[in-house]
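Q: Got chain A; can you put chain B on it based on the hints?
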Amino acid sequence: MPKTIKSITNPKLRLEILTPQEVKKIHDATLWIIEKVGVRFPSKLVLEIWAAHGAEVDSEKMVVRAKAGLIEKALKTCPPVYSLAARDPQQDLMLDGNHVFVGTDGCGVEVIDIKTGMRRTSCLQDVRDISRIADATEEVAFHWVPVSAQDMPAETRGLHEVKAIWENSTKHVQTESIYNQREAHAAIEMAALIVGGKNQLRERPVLSLMQCSASPLGHDGGSLEAALVAAEYGLPTGFMTMAANLTTGPATLAGNLAVGNAEVITGTALIQLAYPGAPVFYAAAQTASDLRSGAYTGGGPEDFLYGAASNVLADFYNIPLSMGSFATGAKEPNWQAGIENSLSTFMASIVMSDMLLGVGFLHGSRIWSFAEMMMDCEIFSIIHKTMQGIVVDDETLALDTIAAVGPGGNFLSQKHTLKHMRELFLPQFMDRRPFNEWEKKKDDGRDWALAKARNTLEVHQPDPLDEGIRIEMAKIISSLEKK
Amino acid sequence: MTEELFQKMAQSVLDGDSDAAVALAKQAIEAGLDPLEAITKGFVTGVNQVGESFACGQAFLPELVMAGEAMKAAVSTLEPEMQKRGLHRTMLGKVVLATVEGDIHEIGKSLVGTMLSASGFQVYDLGVDVPASRIIAKVQEVGADLVGLSALLTTTMVKQKEVIDELDKLGLRKTVKVMVGGAPVTRDWVQKIEADGTSEDAIGAVGLAKQLVSAA
Chain A
1 MPKTIKSITN PKLRLEILTP QEVKKIHDAT LWIIEKVGVR FPSKLVLEIW
51 AAHGAEVDSE KMVVRAKAGL IEKALKTCPP VYSLAARDPQ QDLMLDGNHV
101 FVGTDGCGVE VIDIKTGMRR TSCLQDVRDI SRIADATEEV AFHWVPVSAQ
151 DMPAETRGLH EVKAIWENST KHVQTESIYN QREAHAAIEM AALIVGGKNQ
201 LRERPVLSLM QCSASPLGHD GGSLEAALVA AEYGLPTGFM TMAANLTTGP
251 ATLAGNLAVG NAEVITGTAL IQLAYPGAPV FYAAAQTASD LRSGAYTGGG
301 PEDFLYGAAS NVLADFYNIP LSMGSFATGA KEPNWQAGIE NSLSTFMASI
351 VMSDMLLGVG FLHGSRIWSF AEMMMDCEIF SIIHKTMQGI VVDDETLALD
401 TIAAVGPGGN FLSQKHTLKH MRELFLPQFM DRRPFNEWEK KKDDGRDWAL
451 AKARNTLEVH QPDPLDEGIR IEMAKIISSL EKK
Chain B
1 MTEELFQKMA QSVLDGDSDA AVALAKQAIE AGLDPLEAIT KGFVTGVNQV
51 GESFACGQAF LPELVMAGEA MKAAVSTLEP EMQKRGLHRT MLGKVVLATV
101 EGDIHEIGKS LVGTMLSASG FQVYDLGVDV PASRIIAKVQ EVGADLVGLS
151 ALLTTTMVKQ KEVIDELDKL GLRKTVKVMV GGAPVTRDWV QKIEADGTSE
201 DAIGAVGLAK QLVSAA
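Order-wise, the sequence lines are chains A and B. Note that my numbering has the first sequence beginning at 1, numbered continuously upward. Note that my numbering has the second sequence beginning at 1, numbered continuously upward.
It is worth saying that the hints were derived from the structure and are not from the lab. Hints should not be assumed to be uniformly reliable.
[What the hints assert, rightly or not] List of simulated lysine to aspartate or glutamate pairs, DMTMM-like, C-alpha gap at most 20 Å: (1) A/K61 / B/E101; (2) A/K331 / B/D201; (3) A/K331 / B/D188; (4) A/K61 / B/D129; (5) A/K44 / B/E101; (6) B/K192 / A/D151; (7) B/K26 / B/E63; (8) A/K198 / A/D466; (9) A/K482 / B/E101; (10) B/K192 / A/D113; (11) A/K482 / A/D113; (12) B/K8 / B/D19; (13) A/K76 / A/E189; (14) B/K41 / B/E101; (15) A/K482 / B/E162; (16) A/K331 / B/E200; (17) A/K44 / B/D129; (18) B/K161 / A/D151; (19) B/K161 / A/D113; (20) B/K8 / B/E52; (21) A/K44 / A/E22; (22) A/K61 / B/E69.
[To be verified] Quick look at which bits of chain A chain B covers, simulated, 3 or more residues with Cβ under 8 Å: (23) 237-251; (24) 285-297.
[Stated by the list, open to error] Going by beta-carbon spacing under 7 Å, a handful of chain B positions derived as facing chain A: (25) D15; (26) I104; (27) D188; (28) V190; (29) S199.
Don't be surprised by glycine CBs; every beta carbon is placed ideally from N, CA and C.
Just chain A, with the same shape it has in the complex:
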């Protein structure tokens, strides 16, 4: 089975979305917010950590105000480069600022059934199926928990989900579905089984934790405590802001970036204060709320700008970025999905965001579509190819070949052509057939993408997880379940 992972590296395309002065201005604004307005940390444990480091803590409102010096000093201990380990070490992911990796999106609540095509509530089997297909693709480099295993008990759901992914894929797992200390401890024990002990996790973090902030200017208590547990054992952690223009952030983009930035860097600073040097990443999926309904839009020019700007901020703090791209608001794989997912992913890629989340969703990360998943992979492949730019040298200028063909000839039978033709992009889901062939079937990329997903699910056999490990993992989970 192919173990290759496709990532964007050494790009030829560049974009300057914010000048260094503008970044500094956003940073200063963020520090002002943190010092004057404060950020809510609804956890006694976390408030104690802040207080011990000299931040001003309002215990009643659970709001922390910290001086610029404290935040800036804490952020200095963030490691700039580290790897996300995979069950198969060949698939480790280097977060060094020169790779863009794609994950599956998460965590949705409905699935368009791969067999029946009917929309229904997501369950554990969906997590297994999606992970298995993702394991087989070159484009998906790591997993989020794609959908919620709603047939599992709420108190251990997050554990059933990561186990299902490990059983069906050798790639790195980043979970966004563990929200308390209890589950975090159990997840660490499960991850330790894979690498042969908790101490090995520091070297080989096969699991990382992503936590959402509660915009504007807040965090979730359980999520913070779970992140601290992960950081203690050296698992990478990140805080994701989804501050949205109009509702959870100001209507203006710069202000919304500052609000989101205040959430992310206070969460990051907390981890560094508690465990200096722990691997951390910046995470963002900012958007604009819809002017009419107030709903999360998951697309549009604002998203595209956030996609590019967030990495500039993460670079300023010298930490990797996990960026929300894809995640169209479209209800089915269509025109809107194509535009939103292509442009958001292009803008996040051109600035070299380290991790992109992710493939597979419709309706703003709520409904999983296997066809959309495969088409999103193709979007990434197109951008991957585009980012390589145009190579200009003697070989690519091909003067000898041009001279040999001369005016009026053609290049089809040239050796140079044979040598380089496979460098041209060959789409899987775009219709380049003659019109009459299309007319006979009237099918399109959506049908082919779904067929590919179905076929992959049928034939792909991931490297199995050791039976002993599976049994131990199951024991850890059942010990936490209410009898």
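A: Relative to chain A, chain B alone:
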């Protein structure tokens, strides 16, 4: 003179200017106007106008919210005067709202609250991370017609069911309708927990609430 005041009241709501709305409400009390008339002929006219321009795509959500807040500010200024005169506003119904236990996500629930109160519902907003027992106690205390339960996580969404089960046990489901909301809530979930309805956004929630109270 009174007509002019009513127009100003409507305009204060249209402008989403709570300070102006409060000042006009005070002016009405000082002038000895019927507070109910101030609401129906003044402020409500403004709410309706914003609603109409929203419906035809000329106004947007922030304008609706600000109008709702101005309206609310005006009504609470007029409230003591209404009590003094023994007057009651006819409300569409009483709604208890909460984000369920274990969940701190507030904005969607609060938005629904603002829209409902602007549309003539009496809203009791209990805030976030509210245990079922407190929700039930409030429902019984105020004699609620509707309960609105918000959750953003699939793991906290289960608490919506807990509240419904509790209402069932107490035999309150005949009189109290339950609306559930939040990003993970689907129609399947609504059916599964036997809630009375859901809406993906706050505007839809108003329509749903009206439908539920008129069916009761």
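Q: Now tell me, hint by hint, if it's right for this structure.
A: We went through each hint and held it up to the structure:
| no. | hint | verdict |
| --- | --- | --- |
| 1 | A/K61 / B/E101 | holds (18 Å) |
| 2 | A/K331 / B/D201 | holds (16 Å) |
| 3 | A/K331 / B/D188 | holds (17 Å) |
| 4 | A/K61 / B/D129 | holds (14 Å) |
| 5 | A/K44 / B/E101 | holds (18 Å) |
| 6 | B/K192 / A/D151 | holds (12 Å) |
| 7 | B/K26 / B/E63 | violated (23 Å) |
| 8 | A/K198 / A/D466 | holds (18 Å) |
| 9 | A/K482 / B/E101 | holds (19 Å) |
| 10 | B/K192 / A/D113 | holds (19 Å) |
| 11 | A/K482 / A/D113 | violated (30 Å) |
| 12 | B/K8 / B/D19 | holds (12 Å) |
| 13 | A/K76 / A/E189 | violated (30 Å) |
| 14 | B/K41 / B/E101 | violated (41 Å) |
| 15 | A/K482 / B/E162 | holds (17 Å) |
| 16 | A/K331 / B/E200 | holds (14 Å) |
| 17 | A/K44 / B/D129 | holds (16 Å) |
| 18 | B/K161 / A/D151 | holds (15 Å) |
| 19 | B/K161 / A/D113 | violated (25 Å) |
| 20 | B/K8 / B/E52 | holds (18 Å) |
| 21 | A/K44 / A/E22 | violated (36 Å) |
| 22 | A/K61 / B/E69 | violated (24 Å) |
| 23 | 237-251 | holds (count 4) |
| 24 | 285-297 | holds (count 8) |
| 25 | D15 | violated (17 Å) |
| 26 | I104 | holds (6 Å) |
| 27 | D188 | holds (5 Å) |
| 28 | V190 | violated (11 Å) |
| 29 | S199 | violated (10 Å) |
Hints 7, 11, 13, 14, 19, 21, 22, 25, 28, 29 from the earlier list are contradicted by this structure; the remaining hints agree with it.
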